[in-house]
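Asks: Below, each chain spelled out in residue letters.
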Amino acid sequence: MKFGVVVFPGSNCDADCYYVIKDVMGQPVRYVWHQERTLNGLDCVVLPGGFSYGDYLRTGAIARFSPVMEAVSDFAERGGLVLGICNGFQILCEAGLLPGVLMQNTGLKFICKFLHVRVETTNTPFTSMCRVGQVLRIPIAHHGGNYFADEATLAELKREDRVVLRYSSPSGDVAPEYNPNGSLDNIAGICNKGRNVFGLMPHPERASERILGSEDGRLIFASILNSFAKQKL
Amino acid sequence: MPKAKVLVTLKPTILDAQGQVIQNALESLGFTNLKRVRMGKYIELTLEADGRDLNQEVREMCEKLLANPVMEDYSFEIVEC
Amino acid sequence: MSDLRELARELGLNDEEYQRIVEILGREPTYTELGMYSVMWSEHCGYKYSRPVLRLFKTYREAQDAKAMENAGVVSIGDGLGVVFKMESHNHPSAVEPFQGAATGVGGILRDIFTMGARPIACLDSLRFGGLDDPRVRYLLDGVVSGIAFYGNCVGVPTVGGEVYFNDCYKGNPLVNVMAVGLVRLDSIARARASGVGNPVMLVGARTGRDGMHGCSILASAELSEESLANRPTVQAGDPFTEKLLIEATLEALATGHIVGIQDMGAAGITCSTCETAAKGGTGMKIDVLKVPRREEGMTPYEVMLSESQERMLCIVERGHEEDVAAVFRKWGLNAAIIGEVTDDGFVTVYEGDKIVAQVPAVSLADGCPTYYLETSEPEYIQRVRGYDVSSLPEPDDAGEVLLRLLASPTIASKEMIYSQYDHMVQTNTVVLPGADASVLRIKGTGKAIALTSDCNGRYCYLDPYVGAQIAVAEAARNLSCCGAKPLGVTDCLNFGNPQKPEVFWQFKRAVEGMAAACEHFGLPVVSGNVSFYNETPERTIFPTPVVGMVGLLEDVERHCTSSFKREGDLVLLLGRGIDGTADGIGGSEYLKVVHGLEVGNPPRLDLDFEARLHELVRACIWEGLLSSAHDCSEGGVAVAVAESCIMGGLGAAVEWRGSASSLFAEVQSRVVVSAGEEQTSRILELASEFGIPVLRLGVVGGSDLCVRYGECGDKEFRFGVEQIAGIWTNAIPRLMKAAG
Numbered sequence: 011m012k013f014g015v016v017v018f019p020g021s022n023c024d025a026d027c028y029y030v031i032k033d034v035m036g037q038p039v040r041y042v043w044h045q046e047r048t049l050n051g052l053d054c055v056v057l058p059g060g061f062s063y064g065d066y067l068r069t070g071a072i073a074r075f076s077p078v079m080e081a082v083s084d085f086a087e088r089g090g091l092v093l094g095i096c097n098g099f100q101i102l103c104e105a106g107l108l109p110g111v112l113m114q115n116t117g118l119k120f121i122c123k124f125l126h127v128r129v130e131t132t133n134t135p136f137t138s139m140c141r142v143g144q145v146l147r148i149p150i151a152h153h154g155g156n157y158f159a160d161e162a163t164l165a166e167l168k169r170e171d172r173v174v175l176r177y178s179s180p181s182g183d184v185a186p187e188y189n190p191n192g193s194l195d196n197i198a199g200i201c202n203k204g205r206n207v208f209g210l211m212p213h214p215e216r217a218s219e220r221i222l223g224s225e226d227g228r229l230i231f232a233s234i235l236n237s238f239a240k241q242k243l
Numbered sequence: 268m269p270k271a272k273v274l275v276t277l278k279p280t281i282l283d284a285q286g287q288v289i290q291n292a293l294e295s296l297g298f299t300n301l302k303r304v305r306m307g308k309y310i311e312l313t314l315e316a317d318g319r320d321l322n323q324e325v326r327e328m329c330e331k332l333l334a335n336p337v338m339e340d341y342s343f344e345i346v347e348c
Numbered sequence: 014m015s016d017l018r019e020l021a022r023e024l025g026l027n028d029e030e031y032q033r034i035v036e037i038l039g040r041e042p043t044y045t046e047l048g049m050y051s052v053m054w055s056e057h058c059g060y061k062y063s064r065p066v067l068r069l070f071k072t073y074r075e076a077q078d079a080k081a082m083e084n085a086g087v088v089s090i091g092d093g094l095g096v097v098f099k100m101e102s103h104n105h106p107s108a109v110e111p112f113q114g115a116a117t118g119v120g121g122i123l124r125d126i127f128t129m130g131a132r133p134i135a136c137l138d139s140l141r142f143g144g145l146d147d148p149r150v151r152y153l154l155d156g157v158v159s160g161i162a163f164y165g166n167c168v169g170v171p172t173v174g175g176e177v178y179f180n181d182c183y184k185g186n187p188l189v190n191v192m193a194v195g196l197v198r199l200d201s202i203a204r205a206r207a208s209g210v211g212n213p214v215m216l217v218g219a220r221t222g223r224d225g226m227h228g229c230s231i232l233a234s235a236e237l238s239e240e241s242l243a244n245r246p247t248v249q250a251g252d253p254f255t256e257k258l259l260i261e262a263t264l265e266a267l268a269t270g271h272i273v274g275i276q277d278m279g280a281a282g283i284t285c286s287t288c289e290t291a292a293k294g295g296t297g298m299k300i301d302v303l304k305v306p307r308r309e310e311g312m313t314p315y316e317v318m319l320s321e322s323q324e325r326m327l328c329i330v331e332r333g334h335e336e337d338v339a340a341v342f343r344k345w346g347l348n349a350a351i352i353g354e355v356t357d358d359g360f361v362t363v364y365e366g367d368k369i370v371a372q373v374p375a376v377s378l379a380d381g382c383p384t385y386y387l388e389t390s391e392p393e394y395i396q397r398v399r400g401y402d403v404s405s406l407p408e409p410d411d412a413g414e415v416l417l418r419l420l421a422s423p424t425i426a427s428k429e430m431i432y433s434q435y436d437h438m439v440q441t442n443t444v445v446l447p448g449a450d451a452s453v454l455r456i457k458g459t460g461k462a463i464a465l466t467s468d469c470n471g472r473y474c475y476l477d478p479y480v481g482a483q484i485a486v487a488e489a490a491r492n493l494s495c496c497g498a499k500p501l502g503v504t505d506c507l508n509f510g511n512p513q514k515p516e517v518f519w520q521f522k523r524a525v526e527g528m529a530a531a532c533e534h535f536g537l538p539v540v541s542g543n544v545s546f547y548n549e550t551p552e553r554t555i556f557p558t559p560v561v562g563m564v565g566l567l568e569d570v571e572r573h574c575t576s577s578f579k580r581e582g583d584l585v586l587l588l589g590r591g592i593d594g595t596a597d598g599i600g601g602s603e604y605l606k607v608v609h610g611l612e613v614g615n616p617p618r619l620d621l622d623f624e625a626r627l628h629e630l631v632r633a634c635i636w637e638g639l640l641s642s643a644h645d646c647s648e649g650g651v652a653v654a655v656a657e658s659c660i661m662g663g664l665g666a667a668v669e670w671r672g673s674a675s676s677l678f679a680e681v682q683s684r685v686v687v688s689a690g691e692e693q694t695s696r697i698l699e700l701a702s703e704f705g706i707p708v709l710r711l712g713v714v715g716g717s718d719l720c721v722r723y724g725e726c727g728d729k730e731f732r733f734g735v736e737q738i739a740g741i742w743t744n745a746i747p748r749l750m751k752a753a754g
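Protein chains in written order, with this note's numbering: chain A, 11 to 243; chain B, 268 to 348; chain C, 14 to 754.
Think of the hints as simulated: they come from the structure by calculation, not from any bench.
Take the hints with a grain of salt, since some may be wrong.
As the list claims (entries may be wrong) - Here are the simulated lysine to any residue pairs, SDA-like style, with alpha carbons at most 20 Å apart:
hint, chain 1, residue 1, chain 2, residue 2
1, C, 344, B, 293
2, C, 751, A, 121
3, B, 308, C, 156
4, A, 123, C, 447
As the list claims (entries may be wrong) - Looking from chain C toward chain A, a few residues come up when the C-beta cut is under 10 Å (computed):
hint, residue
5, 145
6, 148
7, 152
8, 156
9, 168
10, 257
11, 258
12, 389
13, 392
14, 434
15, 436
16, 457
17, 459
18, 571
19, 636
Beta carbons are placed, not taken as given, at the ideal position from N, Cα and C, and that holds for glycine.
The following block holds chain A by itself, in its conformation from the complex:
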């Protein structure tokens, strides 16, 4: 399975994603420069975390106009897998590939820490190897992770089983005290109607090796590989 990691000016976690895909998951991967206009030959595109364009003006607002984003949009339309992590999630929302918006954390401070998220649906290629209700220990590191969408959008997300991850306690209790940033309904990650575009604020690439404190994030990468393999049969 061939992966591409997009590099925008200011992306920071591109090398981290590349490392996990190549050295931990053992898959072919290449960097995709933000000015490339085609994604030929790729099966999954990752929009990594970081501060594209410094997060200046509005986070993700400028990156969404990069030439590569048109290709990502086409790629998604044709069913290609798109994984947006942190800044990647913000860019997908600004670009309209996912609904809603990520606003500044209600605490107004950047927060970096390990926390827990509950898997709400395994009906996506990104969580197919999880169980519904499974709790994953993955870190966040963001200033703008406060997910917001209007009532109609939220209702649609719930109705269509498209809320993928919610912030929770270690035992899976989704309660306000486990919400680090004021996100609507404790939402930590969502997918599109086609279920092939997934955006999440936590960083799975930082929780894919035991030495770093948790391997739970690896399940997301493993799910992608597993779904792809199944699809090819």
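Given chain A, put chains B and C in place with the hints provided.
Replies: Structure of chains B and C alone, referenced to chain A:
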């Protein structure tokens, strides 16, 4: 009811990194007649008309809190709504 | 002509220095030349006061004599790799504008790292503030932490550790020291040398504006006063987005092999980078200020040469390969402008178009700063504070209550509120997260790891600068050893008051003497450093604060240790100095300050031999996998160390201490609290005996309470739920920060 419209901007000699990046982005979207872009903050204060010297009040608010005198300039106008 | 002399004085040059400039040039200087000398000959850039004392450091002395001073220091970690590291201060700008002051401090030190071709992999921040009851101090803390977060997070370098101290002496003069660490291939280290006559000189990165005109000569070389708070153009705004692009572009451009020399631009901007690279290369340089990309209109040559605009580098490129290099910078959206070329006449010649506006011998700017041998005189307070008999003070009635007060004391309390604002995980190398004794970062592809720490107790240094500085070195090495790392090298950031006061210069000299002696003893080279003088206000001078930054190596990343208790039933042991019944460790302690309101006495005794053996013992135990946890004893003594291990592990302990109440909090040196399975004890004792280190059994890990029985007869006791003390320790600083104002 009086409303103060406050604009806080970086002093002209201070680097405005955001303004520069916005300008580059607008230019790459086809807006090619831009000479300069500066980014600032807009703060709206709705006040009680209780006979105080509002100009003086707002000026003090700007100097004490709304603008950082080391790096920022401010301007405001008070309008009736 | 006397106008120039007046101007020279305004710029911080004295009459003798002015005269020397006239002699060097053989004429009166131009306005631009005067500006160039004033910045290069400031203490901040020229080290004119500190140089004679810094020569006490062997590595500095040898590098200076060999004319091989580099931007940052390198130590090898094997596998062809080296670690580059340096610490720098940005104290005065942070006092004036904390957010941007701290942010640009991060930017500046990072450039010192990647200018050597090293990828920055971590930052640590060593901060000092006044008491948190003061609203302005809270404002400074908030601004500084936000500024470091703003810059470090955006640039993608994890801020993995550091320290924060609170003391009234820093009230008007906060200390913001940032240490940056980078990884480099030893065969690809970039040099700051202008070589090859005719090679083009290229300025890359941001445009040049009127930023920080004279920041380094005015702010960093003078005391803070009301006027300096109103200093406007001297504070710069940082742009971490451009810096991130600059990091990627610079490393990529260096990889082309066509960059012959490179220097970052910080204090004294173009002036500094041109004259230093020319001096190091034994060459000269001619540049045209009109070729420098500007972001403001009508800049004079003086302004262009002295501008401290951030996020710029100077590259000396192999002739014929300008395009190869420029293309890389342009790809990343950065300017790359050829502004001149290398010559062989030894001069830095500055043109404005066809007109020469400055022509100065490079070496005179870079190294020609006169050296001053300042007077030292032992301050009168020394005998007074050391003469105080701390053993005469009454014992506390309730050691438990003292523990709670110490855990709530901001210097000891949890700094989580601060470090959670830093992305400490980006680059996925952080194996031991902030909150431990040191940070551990793995080195991908090698199975090794490096450990990082910064340490200094200013109060000890106030009481005795020599011993205090030694303790800073010892503590750093102890912290690294507690993680399982062997110390490799040291950087320092020496923060002092006005050196022209003999009492202050005495503190500086004694501290460096102590630090140099300790580093020699541990076999550690001091590979880089920074001096920050004039840290005082009319009200008071800071404690002498020579901060030590230290890097260590773990041969096997898996064999590391952390400070939290791990398992019920593990024994708690004290390795190192036991209970000796004296008042050693009370002088200068946090206990003495918090309970008795005093900052007197002698700092704790330090036996460097014993300390070195202790470190070896701890590392041996960790290597053999004998320990569940290791935590060094520092502020708050044994009691706080044990409490912290409980809090971090979420486990209680039952402890016995056959010593007085105050001895629980004595900051006796050379002590490490470890926990280990009972089955490991005999091997631990065997190793301890080999290294000649006593072992004292403190108790057992277990339950949900910390229970301490103390007193010479073991007849007193206190007990707290771990949850309760965790709450006090964790919430102390957030609670104070929320206070009105």
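Asks: Mind listing which of the numbered hints don't hold for this structure, in increasing order?
Replies: Numbers 5, 6, 7, 8, 12, 13, 17, 19 - these are the hints that the structure violates, sorted from lowest upward.
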